[in-house]
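**Q** Protein chains in written order, with the numbering used here: chain F, 10 to 259; chain U, 22 to 493.
Bear in mind the hints are in silico, worked out from the structure with no lab data behind them. Computed from a prediction, not measured in an experiment: that's the story for all the values here. Even glycine gets a Cβ: it sits at the ideal position worked out from N, Cα and C. Among the clues, some could well be false.
[Claimed, not checked] Footprint (simulated), chain U over chain F, 3 or more residues, beta carbon under 8 Å:
| # | stretch |
| --- | --- |
| 1 | 16-28 |
| 2 | 134-142 |
[Said to hold, decoys possible] Here are some of the chain F residues that sit facing chain U, going by a computed Cβ distance under 8 Å:
| # | residue |
| --- | --- |
| 3 | S11 |
| 4 | Y76 |
| 5 | P167 |
| 6 | N248 |
| 7 | Q250 |
| 8 | L251 |
[Stated by the list, open to error] SDA-like, lysine to any residue: derived pairs with alpha carbons at most 20 Å apart:
| # | chain 1 | residue 1 | chain 2 | residue 2 |
| --- | --- | --- | --- | --- |
| 9 | U | K454 | U | N405 |
| 10 | F | K222 | U | P399 |
| 11 | F | K217 | U | K424 |
| 12 | F | K210 | U | N354 |
| 13 | F | K210 | U | K424 |
| 14 | U | K179 | U | F322 |
| 15 | U | K435 | F | E109 |
| 16 | F | K217 | U | F322 |
| 17 | F | K210 | U | K179 |
| 18 | U | K424 | F | D17 |
| 19 | U | K424 | F | K213 |
| 20 | U | K492 | F | E211 |
| 21 | F | K213 | U | T391 |
| 22 | U | K424 | F | E211 |
| 23 | U | K179 | U | T239 |
| 24 | F | K213 | U | K357 |
| 25 | U | K424 | F | N18 |
| 26 | U | K424 | F | R33 |
| 27 | U | K357 | U | N405 |
| 28 | U | K283 | U | L333 |
| 29 | F | K186 | F | D81 |
| 30 | F | K217 | U | T239 |
| 31 | F | K213 | U | H360 |
| 32 | U | K357 | F | E211 |
| 33 | U | K424 | F | N131 |
Take a look at the letters that make up each chain.
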Amino acid sequence: MSLRVDKDNIYFVLPESRYSVSNRIDKYMEEDFTLFIKTKIIPDKLETEKEAFLIARNGMHSGISVYKDTFDSTCIAFTYWFKDKENTPSIKQVNYRLDETEVLESNEYMMICDNFTDRKINCYVNRKLVGSILFEDMERQSYENGFYWLGCGSMIGPEEHRCIGEFDIDVVFLLNKKITMDEVIDLLDNYKTKYTHTVHKELKKLNKDFYLKENFAFFSDFSQHNRYKVWDISFNGNNPQLYFENNIYF
Amino acid sequence: MAEEQKKNIENPIYLRVKDELNEVGSGMCLAKWTQVTLQLQSGHNHSCHHPRTHKISETEIARNPSALHNTRYKKLRRKEMLQGSRPTECDYCWNVEDNSDRFSDRIFKSGESWSYPFMKEIVESDWREDYNPKYVEVAFSNACNFKCSYCGPAYSSKWVEEIEEFGAYPTLDNFNSVDWMKLEDKMPIPYKDANPYVDAFWKWWPELYKDLHTFRITGGEPLMSKDTWKVLDYIIDHPNPNTELKLAFNSNLGVPDALIDKFIEKLKRIEDGNKAKEIVIFTSCDTWGEQAEYIRTGLEFNRFWDNVNKILTACPRIIVTFMSTYNALSVFNYEKLIHNIYELKNTYASTDRYWNSATFLDSSYLRYPTHQTVQILPFDFANNILDQAKLITYYAAPSFDPKHIGYSDVEVQKVKRIYDWMLAPQDAQQQMKNRYSFYQYFSNHDIRRGTDFCKTFPELEEFYNFCKTIKL
């Protein structure tokens, strides 16, 4: 089960809960991190050479986006923003053309960042490494106070930064830690049974003793939601919430 | 301080109210005229919950039934206010005003829609004059079929029976001893006995009713009082009803089914006939299921929940507010209450109401008796409350707007406040005394009422056994 995200149903996650029930998560993508999203892309809704973001940080659009190239192929882009010594912003991307079978159903897209040893971000499509973003001598942009968008680039910047798409999102999570592919697979295979318990009807919560529990910014299965928010399985207090005008305050 | 000043600047309405009150005097408060809580079971009243209640004179009400509110005692306080003094009994507000930049409750109460429009006529009145209040809360009797663990004989006839049979609890403060009630002349008049205060109320009622803004019946259990039914019939049968009236009831919704059905039938007639502007039922529930039943002796949880659904199904404009007195025993299942009240909000949402939500959760932390508060618990349990705050945040409405279905800002913040309060610094010695009383209270509770604390609260068995070992 998934949840349709489109121009009328865009979600965001705040850097801190509106009621101070969570730790700040704005700087979670500034060191080691693992960003995962499983979603179905709707190719018919994509425009040629126009990016639509699955997930993005506002301001500097680091994240994962899709677009159609001039050959009408669906491509995925993994993006991260840096700055050079003169403070000039610089964007680095890994682009990957999806083959036709990869756009029919839900697919997995992931960025795993090794900030300290290899200084690179490995990018994966369906658990296959498709490229790496290397830091070299670049500094990373700061995301202080920045939040996370699902289904667009940003709704609060200039119009050209909207980059709105249409997707059926299944699962998304962000960790402030790099984990191995085996750990990712284990988590995805077992989160519904072994690592969670039911709290109410279909709502499941990560067990307190699960070793990654405190590392999640959010971990949402989009089949679990209420009118305005998506459930956070890690229960760290950061629920993706539906965007509409004037509801960004915290 | 700067932050508080900013808040004041942002509230021009309250600033205006304060300025206008202060033109009369720094002690002026409209609530002394416009508001009253009548405890007819003991013949006491006060015009705001901060000053203590005072006794109503039987002689005065024999001559003038409005002296239920307009007592000689209160008129003297009004005189002080109109002459620029600050009545000593209102020191709660003076403390706030003298020690901070915050607005005190006299500003908020005087700024209410049931107060502010009457400022001019009150200020120009003579202090000896009678004044009909606009916001009236009344308890006709203490007749109640429940005896909640933090309640007492003043508000529950079941509690009176228990204390008469077994005496006060052997806690350090002799919990629910009736000695102080006797000292303050607050012993409730038995429900079946003649009550001169209730008689006076009915003489005053026709005159009172026509200008009322809010009328809230409390108790005891109001549905066990014949006077509640008399009020309902009066409104139903009135040829020219006060259609601006906000009608409210504090009910445990645990009375026999026949009374619930009768209540629904009468509420429907008021609702369908547009004989009141708004009807709110305030009910009480402090956690979920069997643990809630333990806290509120007399509660049959499933029947209670069925009754809530029955009322909301039958009466589409009625609002049910759950007043939750969050205590040490609420901690383990409160999230179930949060989940299920959200489901009620979802199920019964309707644009027929100003606020589309049909239900509200008003979570207040218990402060007294101190041996039942969350502050007696080990700190680890605070995590349960934080999780409940996260949960209610998940169910929160996205913005402050009547059309959204979900928990409001206030409902969320009140749960978070319980967490903050639990973690507030405490006097370790006093905490140990409270824990001692905790064991004394619940071990005796089990003996008197045939309950089993450790079976109902296995999460607290270790703590209970620890409290048992405390020697003072």
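**Q** Which numbered hints does this structure break?
**A** 2, 3, 4, 5, 9, 10, 11, 13, 15, 16, 17, 19, 20, 21, 22, 26, 29, 30 and 33
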